[in-house]
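Enquirer: First to last, the sequence lines map onto chains A and B.
When you line the first sequence up against my numbering, it's residues 1 to 299, in that order.
When you line the second sequence up against my numbering, it's residues 1 to 299, in that order.
Simulated from the structure, these hints should not be mistaken for laboratory data.
Fair warning: there could be bad hints in the mix.
No copy labels: a pair is met if it fits in one copy or bridges any two.
[Said to hold, decoys possible] Once the Cα atoms are required to be at most 25 Å apart in a straight line, the calculated SDA-like pairs of lysine to any residue come out as:
1. K71 - N100
2. K137 - T177
3. K137 - E278
4. K195 - R224
5. K137 - A279
6. K195 - R80
Note that the structure is predicted; figures quoted are calculated from it, not measured.
This is what each chain is made of:
Number of protein chains: 2
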Amino acid sequence: MSLAVFGSIGLDDVETPSGSVHGAVGGSAVYFSLAASLYTHVQVAGNVGNDFPPEAWDTLRHRGADLSGLKLFRDRPNFRWRGRYEGDMNEAITLETQLNVLEVEPEVPASYLDARLVFLANMGPDVQAKLRARFPKAMVWADTMNLWIRIQREALEALLPQLDGLVLNDGEARMLTGEHNLIAAGARLQELGPKIVVVKKGEHGAFLFAPDGRFSLPAYPTTRVVDPTGAGDSFAGGLLGSLAASGSHDFPALRRAMVDGTVCASLTVEEFSTRGLEAADPAELARRSAELRAFVDVG
Amino acid sequence: MSLAVFGSIGLDDVETPSGSVHGAVGGSAVYFSLAASLYTHVQVAGNVGNDFPPEAWDTLRHRGADLSGLKLFRDRPNFRWRGRYEGDMNEAITLETQLNVLEVEPEVPASYLDARLVFLANMGPDVQAKLRARFPKAMVWADTMNLWIRIQREALEALLPQLDGLVLNDGEARMLTGEHNLIAAGARLQELGPKIVVVKKGEHGAFLFAPDGRFSLPAYPTTRVVDPTGAGDSFAGGLLGSLAASGSHDFPALRRAMVDGTVCASLTVEEFSTRGLEAADPAELARRSAELRAFVDVG
Chain A
1 MSLAVFGSIG LDDVETPSGS VHGAVGGSAV YFSLAASLYT HVQVAGNVGN
51 DFPPEAWDTL RHRGADLSGL KLFRDRPNFR WRGRYEGDMN EAITLETQLN
101 VLEVEPEVPA SYLDARLVFL ANMGPDVQAK LRARFPKAMV WADTMNLWIR
151 IQREALEALL PQLDGLVLND GEARMLTGEH NLIAAGARLQ ELGPKIVVVK
201 KGEHGAFLFA PDGRFSLPAY PTTRVVDPTG AGDSFAGGLL GSLAASGSHD
251 FPALRRAMVD GTVCASLTVE EFSTRGLEAA DPAELARRSA ELRAFVDVG
Chain B
1 MSLAVFGSIG LDDVETPSGS VHGAVGGSAV YFSLAASLYT HVQVAGNVGN
51 DFPPEAWDTL RHRGADLSGL KLFRDRPNFR WRGRYEGDMN EAITLETQLN
101 VLEVEPEVPA SYLDARLVFL ANMGPDVQAK LRARFPKAMV WADTMNLWIR
151 IQREALEALL PQLDGLVLND GEARMLTGEH NLIAAGARLQ ELGPKIVVVK
201 KGEHGAFLFA PDGRFSLPAY PTTRVVDPTG AGDSFAGGLL GSLAASGSHD
251 FPALRRAMVD GTVCASLTVE EFSTRGLEAA DPAELARRSA ELRAFVDVG
């Protein structure tokens with residue numbers, strides 16, 4: 001099952017209690033596809049600025065990703081994000097955002113139109129709805145964020161019934177549904193449209209709400225959290241990469257995909273930028289997957 | 001394996017977003033033993049004031065609990081706690097505490113001295129150490145709280161190597177170890193003494209750190225949270241009741257006990273005071289246990 005992703009290509013300045021990076025490779029589409037490419041063939045789409053380093057694509061190219069949907073703007077700088085994590089690192093403090101090439105809506109290359117599985121990373125729900133309409137036969141998943149719930153709630157609520165899957169974090173699930181209880185919020189989100197909902201809870205793991213049941217998984221038990229930037233997109237990339245590889249959205253496939261997404265998120269948080277995902281190999285994925293499965297095994 | 005508990009007998013005034021109760025039965029020893037009595041024979045010890053309703057013991061008596069360790073003070077009122085939960089109800093706001101009979105140290109009845117498993121509910125670590133010394137051959141577990149970490153840290157650190165098991169919440173684990181990461185905090189607590197550590201995370205479930213491995217379990221997926229008072233003591237009661245029933249502290253027994261503790265906590269939070277634990281029967285325990293196991297089954 002071919003997988004396409006639409007999202008941001010970023011250059012990040014990040015400061016955490018463990019250190020800092022400047023102009024580091026990031027962005028939702030980059031984290032997502034680096035994770036997904038560990039499991040499947042991924043088609044990457046997004047706008048690239050003239051200051052984005054071309055060698056940043058080496059790993060994805062080496063993993064066989066289709067990069068033809070990257071649109072290079074020779075006259076504009078790249079999207080930039082500057083942020084900081086403090087204390088428990090549960091939430092990023094955004095210090096500055098320069099949209100630059102992100103001001104232009106993403107294009108859909110004709111060669112991506114056959115994708116059977118599509119991920120629309122965090123972007124305005126109006127833009128997500130246009131992209132969704134281009135893939136009438138695909139399973140389409142999306143992410144969102146508190147900003148859109150605040151300023152584009154109607155567009156987001158109109159999008160939800162058109163989605164097959166929704167990935168969002170706990171605060172967003174509460175904000176969108178008005179339900180504090182996450183079990184209730186997940187059920188409510190399924191009523192609003194997507195039959196499959198994944199609520200990410202950071203260090204507390206994630207919940208899956210699917211037609212055939214609910215599933216809870218903790219975060220991978222790492223003691224090394226260096227930089228949470230991109231963890232959510234890495235999770236989504238592992239999740240959808242795994243689903244694409246299995247060619248199924250049934251409950252067993254979804255639960256396996258939750259494990260794979262969780263493993264990818266752990267690779268990301270243990271290093272700055274995309275280093276963890278770039279260094280990963282199948283043996284490391286298998287080791288972490290086995291450790292996570294043992295961690296939740298009731299016996 | 002016989003199980004004895006030392007803790008408070010309480011009369012609580014509690015206010016939550018769902019309503020309020022006045023002079024409701026509570027206290028750590030009461031919640032603990034109501035939960036434990038669903039799995040095993042429990043011996044209850046604690047100081048009781050002259051205004052505590054005698055009929056509050058009916059359920060425990062009916063379940064065969066040994067109440068000979070309850071010491072009635074005819075000249076003093078009962079321990080009282082007044083508190084409120086707001087918003088996400090993750091933490092109680094204490095409005096008033098009247099120690100009354102709790103000013104007197106608990107007595108150990110001779111008939112309890114053969115207990116093979118002992119739970120020392122939250123109380124000063126100096127008192128816990130004295131009680132621990134009375135049961136040289138028993139497996140002894142204890143709970144603690146932020147107050148003691150603040151004002152009796154040395155006594156608490158001296159107690160830890162004498163404990164077989166420690167149950168505490170996430171904030172206390174962080175405060176006691178200085179580790180924000182709970183996986184690291186759990187490992188550090190094991191180094192400080194107890195070979196078995198359980199870190200409770202409220203709505204996020206609990207972690208077990210045991211000699212043979214770590215285990216993560218989410219909270220039971222309830223959408224009904226009426227009153228969190230006593231949830232932690234109910235969890236500990238189910239946990240130790242289960243361990244007493246199985247007669248083992250091996251890893252499989254500990255993981256089963258985590259499930260049983262989690263089920264007991266869910267019974268408590270769904271009703272005010274002890275109503276949930278009092279109404280529970282084996283069929284309800286089995287139903288919740290199966291649902292929780294399905295919720296975490298990776299497949």
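Enquirer: Regarding K137 and A279, is the shortest C-alpha distance of 25 Å or less found within a copy, between copies, in both, or in neither?
Expert: Classified as neither; 35 Å inside a copy, 51 Å across copies.
Enquirer: Classify it for me, K195 with R224: is the Cα-Cα distance of at most 25 Å met within a copy, between copies, both or neither?
Expert: Answer is between: at 23 Å across copies they meet the 25 Å cutoff, but 34 Å inside does not.
Enquirer: My question is about K137 and T177: at a cut-off of 25 Å on alpha-carbon distance, are they close within one copy, between copies, both, or neither?
Expert: neither (28 Å within a copy, 53 Å between copies)
Enquirer: Within a copy, between copies, both or neither: where do K71 and N100 come within 25 Å Cα-Cα?
Expert: within (13 Å within a copy, 74 Å between copies)
Enquirer: How would you classify K137 and E278 at a CA-CA limit of 25 Å: within, between, both, or neither?
Expert: Neither, since 32 Å and 53 Å both go past 25 Å.
Enquirer: What label fits K195 with R80 when the C-alpha limit is 25 Å: within, between, both, or neither?
Expert: This pair counts as neither: shortest intra-copy Cα distance 34 Å, inter-copy 48 Å.
The earlier numbered hints that this structure contradicts are 2, 3, 5 and 6.
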